[in-house]
Amino acid sequence: MFKGKIFGIFIGFFLVFLYAPTLLLPIFAFNDSSIVSFPLKGFTTEWFGVLWNTSPLHVAAKNSVMIAITAATLSTILGTLAARAGTRYKFAGKKPALAFIMLPMVLPEIIIGVSLLVVIIQLGMTLSLWSIILGHVLICTPFSIAILNGAFMNLDQSLEEASFDLGMSRLKTFWLITIPLVLPGLISSMLIAFTISLDEFIIAFFLAGTEPTLPVYIWGQLRFPAKLPSLMALGTILLVLSLLLLGLAEYFRRRGAKRTGQMNTGGFI
Amino acid sequence: MIAGWRRWRKSEAAQGMLLLSPTFLFAVVLLAAPLIMVLSLSFWTQNYLDLDKTFTLDNYKTAWGAPIYQTLMARSLKISLLVTMFTVLLAFPVAYYVSFRVRPERKSLWIFLITIPFWTSYLMRIFLWKVILGYNGVVNGSLLATGIIETPLSFILYNQNAVVLTLGHAWIPFAILPIYVALEKIDRSLLEAAEDLGDGPIRRFTRVTLPLAMPGVMAATVIVFIPTIGDYVTPRLVGGPNGLMIANMIELQFKKANNAPLGAALALSAMLIVSVIAALFVFLNRKYLKGPE
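Going down the list, the sequences are from chains B and G.
Going by this note's numbering, the first residue of the first sequence is number 7, and it counts up by one from there.
Going by this note's numbering, the first residue of the second sequence is number 11, and it counts up by one from there.
These are computed hints drawn from the structure, not numbers from a lab.
On a predicted model such as this, the values are computed, not experimentally measured, just so you know.
Ideal Cβ positions, reconstructed from N, Cα and C, are used throughout, including at glycine.
Accuracy of the hints is not assured; some may be wrong.
Computed beta-carbon distance windows for the label pairs [unchecked claim]:
(1) B/M72 - G/R111: 43 to 53 angstroms
(2) B/H64 - G/R111: 39 to 49 angstroms
(3) B/V56 - G/L153: 26 to 36 angstroms
(4) B/F13 - G/E202: 12 to 22 angstroms
(5) G/L119 - B/R176: 31 to 41 angstroms
Just chain B, same shape as in the assembly (with noise of 0.2 angstroms):
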């Protein structure tokens, strides 16, 4: 269908349309200029040193690394039994039940901040760092359990069968045999939960009370031309980091493929 050399040159073309903006990052915060435009101008990490000196930034970071940790968790858990129930057990109502645990990856961002908001203020409640961890849960969730899908689909199930022919217990045989197994996407999806929750903005801006997590910082601070310079700093040691913990997870995820044996072509999806 497609000439072989024209296809090549387009494919090209692609990767820096994808790639310019992610490549700009790094440019950015090492220029020595206070605007964020081009020419460039000379090579500095002074605002390196500005973003150790911003106080309000490392709240903002503590608040987002511990939201981020915590609905990992909360996500894996709900997402292990899920992907379990989904890939091992027959029963009516299923794929329903699992489309609709789903929907938040389809779902606008701004519906699930709205109806949060909704009810937290209907309730009486105070908004809090739980609020926003509730609602990177609902997000993280159908991440999670398309990875782990993959991870208990490659299960053996002689293995459990073994275990329960040689006398364990369920609970001994989940712990001893089947976690063991599926530990690399476990580690997989609780790195992309992590990643996810410390990224999102829109659930946390509409829920964030008087303490913001990182983006919504981030979005206060891109009003300041002034800062526009050491945010690009920030976004460089964030883009590092999602690149390790990504990194990490895809080798994680291509382990755990490996140790059932079988072909790896897919990707995180």
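Go by the hints and put chain G onto chain B.
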């Protein structure tokens, strides 16, 4: 009775249901219940600090009748449709390339490469489009330097085109993945069969590859179309005054304008419209293109 219950508890179905119930209940409590609350809120009225809980359709009358909301809704729909078209048309050849041209052992790496930008700071990515498209931006800078233009272009930022481009960039991995999965599933011997029966590359593509890839294209369309209508950040950062979308108005009603019921009505109306359009699209595709079961 009790024996029956005990037997049921030990059955496959019961174990599966029990296992799924915590996740399902979580979604019911945090998604279904809040959505129902938003629905009831949309039939109430805000009187300064109090909520008047008598049933009224006034919020919907305003949301569907007032020119400002009509304009915003129409514009949001237009932008969402354009983003979906742009994204799917761009995603198809990329997915095709990875599925048909890349060596099998490299495919996983390619998919990883394509998804990476999606996982890196969302706000920064959108903000950097402002730097790329701006008056002193990368595009203008390089066009000026090469002498193609003499004054910077101003029509590339702070308008709807910028919103379409930026949103398309943000959503492209989500469009590539389902199309790629559908293309991967195509039995390659069907393509050989088409060739053996005398189809040229173009006929083979339109009669075999494309129809078999349609489920992926449909999934991509729905996955991109529905969430983009609710995007808040992109219109605020690169849209300018004429590029604002319905989500910006929803936020305004919930926060500064202190009219949550109207905000709820706007949010639900937007969801209703995109869901109906998406459902219609899937239905028409199923009816007229009759893909594989």
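Indices of hints not satisfied (ascending): none
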